[in-house]
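Asker: Below are the chains, spelled out letter by letter.
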Amino acid sequence: MTNQDTILVVDDNPVQSKLALHFLRRTGYDVLIATSGEEALEQVRDIRPDLILLDVLMPGIDGFETCRRLKDGEETRDIPVIFMTSLSDTADKVKGFEFGAVDYVTKPIQPQELLARINTHLTIRNLQKSLQQEIVEREKLIAELDAFAHTVAHDLKSPLTSIVGYANVLEEHHAAISGDDLLRYLQVIAQNGYRMGNIIDELLLLASVRAMEDVEIKPLDMAAIVSEARGRLAYMIEEYEAEIDLPESWPVARGYGPWVEEVWANYLSNALKYGGRPPHVELGATERIDGGPDGFEVVRFYVRDNGDGLTPGEQERLFTPFERLDQVKAMGHGLGLSIVGRIMRKLQGQVGVESEVGVGSTFWFSLPA
Amino acid sequence: MTASEQTTGVLDSAALENLKDMIGGDTEFFADLIDTFIADAPRMLADMRQGMEGGDVALLHRAAHSLKSNSADFGALTLSELCRELEARGKDGVLAGAAELIERVEAEYAKAETALKAIRQDL
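Going down the list, the protein sequences come from chains L and R. Position 311 (the first sequence) corresponds to 310 in numbering that gives the first Met the number 0; numbering is contiguous. Position 101 (the second sequence) corresponds to 100 in numbering that gives the first Met the number 0; numbering is contiguous.
FYI, nobody ran anything at the bench for these hints, they're computed from the structure. In this text, a Cβ means the ideal position worked out from N, Cα and C, and glycines have one as well. Watch out, some of these pointers could steer you wrong.
[Claimed, not checked] Below 25 Å or equal to it, Euclidean Cα-Cα: the simulated DMTMM-like pairs (lysine to aspartate or glutamate) are: (1) K17/L to D25/R; (2) K90/R to D91/L; (3) K94/L to D91/R; (4) K17/L to D11/R; (5) K19/R to D11/L; (6) K94/L to D11/R; (7) K17/L to E16/R; (8) K17/L to E80/R.
[Stated by the list, open to error] Selected chain L positions facing chain R (in silico; Cβ < 7 Å): (9) P13; (10) V14; (11) H21; (12) L56; (13) K106; (14) P107; (15) P110.
Input sequences plus hints: build the corresponding full structure.
Answerer: This is the structure we're talking about:
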């Protein structure tokens, strides 16, 4: 346990508070002193101590009332309170528990006993804190999963319906269908199959992004990564007869290659699907610029299309976090941009879009240089 | 007369050891703590008297309680015990015999103060 914990000592008696202050500071704690219950309640509004040592008998509100009010406050109820009572005050010793105290020590204070009790309750409190945090994080993950499952099922259903529909038509009427129509039906089935494949890839990607604990961040060979992403979309590039411009060289940025490849694949496939007809897509990067949240330099990469562009309202709905996908159906971009946003947050990068209706959109992401 | 002779019979050595353990050899702080004790005590004694004479039992209770804790820290156990009795009177609102107790507290405090001043000088 770190001894950076802050302890608030509440005692109106200078000898007692000085002694506690000196001892606890010497032991390595940060110590605050309040000389009355009212002052203690005021102090905890600004500074949340990790533990409170509370005297019982004080002018104004006594220790019990102070404890009761601390336990009434949403923000303060989880701070462990240890009462300091006199050895002779048998009734007071246990009374503190009724007001929500976790323990008591008797005066004169035995230094080793006091430390042991403080350590015990700080440990319990810290475990409790990390459990609460864990619960919050898990609840968020569950909400994400729910939203994701819902979206995936929804997104998979429509291409599947289409495949089944065309397959049924072929099954029942294959003899009467002309060669051109047959080819068109088969193409529709294949396209919808690709769509479903993409959605499943996204699902797998999300699973890996969710599981990511520590990925290795290192300088990226962006030319190779972009080439991989393009290779995966070769069928789309061919189908849309897209023209793709690439820079001669790429600046170096830091990240995790497989995820950055996903980001490129996502931006590029959107530019093909929602770009102009035929799509003219430009991939590029800026030189290093200031812009990281901690002041470090970043490189901004972008995919520029010649599509219809997006209104400010449409732009806002992109990059929706998973947990809100249910409420905000982000146009056709679906899950992909949510995943992109998630990846970039994990890589200490940023995402964004600049767009003008009638001119086109530039989707960008930035990574630490 | 040496400090140890002064303290004999007035300050309990085990309690003083506990206090020194808590202070951890910081003699400057020990001196400061003795000064604080001696500076605060007259107010507590005055509050006891005022509480008794004015019938303010809460004041009597609190003052006796504070001096009880402080004297126990320094091992002035007789003083602390007398304060405890006085505190109980204040708590229960029974003032009979309180005047006599306060006199004994004052006399016992004078001994403790002398003993502590001797200790302080030897630091």
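Asker: Can the hint on P107/L be confirmed by a CB-to-CB distance to chain R that is less than 7 Å?
Answerer: Constraint on P107/L satisfied, holds at 5 Å.
Asker: Keeping to a limit of 25 Å between CA atoms, is the pair of K19/R and D11/L held or broken?
Answerer: 22 Å, holds
Asker: Between K94/L and D11/R, does the CA-CA distance stay at or below 25 Å?
Answerer: 30 Å, violated
Asker: Run the distance test for K90/R versus D91/L: straight-line Cα separation, threshold 25 Å.
Answerer: Within the cut-off at roughly 13 Å; holds.
Asker: How about K106/L: closest beta carbon in chain R under 7 Å, or not?
Answerer: 5 Å, holds
Asker: Closer than 7 Å between Cβ atoms is the bar; does L56/L clear it against chain R? Give me holds or violated.
Answerer: 5 Å, holds
Asker: Is it true that the CA of K94/L sits at most 25 Å from the CA of D91/R?
Answerer: 18 Å, holds
Asker: Starting from K17/L, check that the Cα of D11/R is at most 25 Å away, please.
Answerer: Measuring from Cα to Cα gives roughly 21 Å; hence the hint holds.
Asker: Less than 7 Å between beta-carbons is the criterion; does V14/L satisfy it with respect to chain R?
Answerer: Check passed: Cβ of V14/L comes within 5 Å of chain R, closer than 7 Å.
Asker: With a cut-off of 25 Å on the C-alpha distance, tell me whether K17/L and E80/R pass.
Answerer: 23 Å, holds
Asker: Can P13/L be said to touch chain R, with a Cβ gap under 7 Å?
Answerer: Holds - the Cβ of P13/L comes within 7 Å of chain R, reaching about 5 Å at its closest.
Asker: For a C-alpha distance cap of 25 Å, please report whether K17/L and D25/R respect it.
Answerer: Holds - the C-alpha atoms of D25/R and K17/L are around 13 Å apart, at most 25 Å.
Of the hints listed earlier, the one the structure fails to meet is number 6.
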